[in-house]
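Student: Sequence:
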Amino acid sequence: MRKLAALSVVSAVLLTGCSQNATKPQGPIKVTRAEYGADWPFIEGIDEGTIDCDAPVVIVFETDGERYRLNYNSIATEGAEEPEYPSAEEIVAPHPIDSWAAQGLMAETGPLIDRALDLCPE
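For the sequence shown, numbering that gives the first Met the number 0 gives the first residue as 0, with consecutive numbering after it.
There may be inaccurate statements among the hints.
Have a look at the derived ranges for each label pair, beta carbon to beta carbon [stated by the list, open to error]:
#1 G64 <-> Q102: 13 to 21 angstroms
#2 G44 <-> E121: 34 to 42 angstroms
#3 G44 <-> A101: 18 to 26 angstroms
#4 Y71 <-> G36: 34 to 42 angstroms
Derived from the structure by calculation, the hints contain no laboratory data.
Backbone N, C-alpha and C fix where the C-beta goes; we use that ideal spot for every residue, glycine too.
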């Protein structure tokens, strides 16, 4: 009986560990201006889209059937081909601080990139 109880505890621990891997988010993830409020980084007229990770770690924002790359990797994955997407610069709003926008800085896409990185394979 004790062996059965011990086996049940071990099984429960192992299953719990496996279920944590099963909770990894699956893409694409829908994101909206309503969800992000003042932190929404895109120009007027772009009120929703999806974020996803394309191999190896290319973060893509899709809206109205167009896909845009949000990040540029500083470390190339040797031998891996990265898909070509247009830069999101054309749809990212100017920085909300006027003096920064005057210098050409754009709104922050970091929160979307961070969220989508969870979708990338490990």
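Student: Is 18 to 26 angstroms respected by the C-beta to C-beta distance linking G44 and A101?
Tutor: Check passed, 22 angstroms falls within 18 to 26 angstroms.
Student: If I claimed the Cβ atoms of G64 and Q102 lie 13 to 21 angstroms apart, would that claim hold in this structure?
Tutor: The hinted range 13 to 21 angstroms is violated for G64 and Q102, with Cβ atoms some 33 angstroms apart.
Student: Could one say that the CB atoms of Y71 and G36 fall in the range 34 to 42 angstroms?
Tutor: 26 angstroms, violated
Student: Given a hinted range of 34 to 42 angstroms, is it respected by the beta-carbon distance of G44 and E121?
Tutor: The hint (34 to 42 angstroms, Cβ to Cβ) holds, given that G44 and E121 are roughly 36 angstroms apart.
Comparing the model with each earlier hint shows violations of hints 1 and 4; every other hint is respected.
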